[in-house]
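Trainee: Heads up: the sequence lines are chains A and B, in that order.
Straight run, no breaks: the first sequence in the working numbering ends on number 1454.
Straight run, no breaks: the second sequence in the working numbering ends on number 903.
Treat the hints with care, as some may be off.
[To be verified] When the alpha-carbon atoms are kept at most 30 Å apart in a straight line, the in silico DSSO-like pairs for lysine-lysine are as follows:
id	chain 1	residue 1	chain 2	residue 2
1	B	LYS847	A	LYS1408
2	A	LYS1389	A	LYS1453
3	A	LYS1408	A	LYS1389
4	B	LYS847	B	LYS803
5	B	LYS847	A	LYS1389
6	A	LYS1401	A	LYS1389
Derived from the structure by calculation, the hints contain no laboratory data.
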Amino acid sequence: AQSVTQPDIHITVSEGASLELRCNYSYGATPYLFWYVQSPGQGLQLLLKYFSGDTLVQGIKGFEAEFKRSQSSFNLRKPSVHWSDAAEYFCAVGVMEYGNKLVFGAGTILRVKS
Amino acid sequence: KAGVTQTPRYLIKTRGQQVTLSCSPISGHRSVSWYQQTPGQGLQFLFEYFSETQRNKGNFPGRFSGRQFSNSRSEMNVSTLELGDSALYLCASSFGPPGNEQFFGPGTRLTVL
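Throw the hints in and build the complete structure from the sequences for me.
Mentor: Here's what the structure looks like:
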């Protein structure tokens, strides 16, 4: 069965510190992947996506992610976290055979301490 | 360019009633997907519509249904509401081919009493 794992439910980092959020997937086919961010009571905002090509992708708000096929991972990174980055982050995976259906991880709540 | 809009934003219903939620995708987008978000189950895929046809369906009971109109606007309907249907319902809009960016609306918060 297809699955997406975000191992960290909560992460706390200091403002200005670097950040890495982990995402692992289990799929039989080549996936396409997204990272989304959600503030409380809001919808999901797309940060970046990987479909093919360069495995290091850049997104909005200074985020980047690296697709590693050998490790079935798509980790999100940011070199310097700002207090406004506090939110919940979701990794989502799809495969071409299932159209635009996405399977989401459980999410990682990011807390930023000043 | 306007984003994805969902109406209503908040809804309170009682058990046994039915509800219809609406989603207007970004102009030019032909695919609309629906998701249910709950604290216990997280984000779960309900169904996807593309060019007025259901292209994919998740593992939800038949009480959950949807449709898409020729202008790509989509509605989802939940009949015979249960307490467990209380959730944030999100729709996502995309051009259509898999792998394209999917943009989400703000959601409809449904509370079933």
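Trainee: If a hint holds in the structure, say so; if it doesn't, say that too.
Mentor: Status of the hints after comparison with the structure:
Note on B:LYS847 and A:LYS1408: the hinted pairing holds, with a Cα-Cα distance of about 29 Å set against a maximum of 30 Å. Taking the CA atoms of A:LYS1389 and A:LYS1453, the gap is about 28 Å. The hint holds against a cut of 30 Å. For the hint pairing A:LYS1408 with A:LYS1389, the CA-to-CA distance comes to about 14 Å; that is within 30 Å, so the pair holds. Using a Cα cut-off of 30 Å, the hinted pair B:LYS847 and B:LYS803 holds, with the two alpha carbons roughly 25 Å apart.
At roughly 23 Å between alpha-carbon atoms, B:LYS847 and A:LYS1389 fall within 30 Å of each other, so this suggested pair holds. A distance of roughly 14 Å separates the Cα atoms of A:LYS1401 and A:LYS1389; the hinted pair therefore holds under the 30 Å criterion.
Checked against the numbered hints given earlier, this structure breaks none of them.
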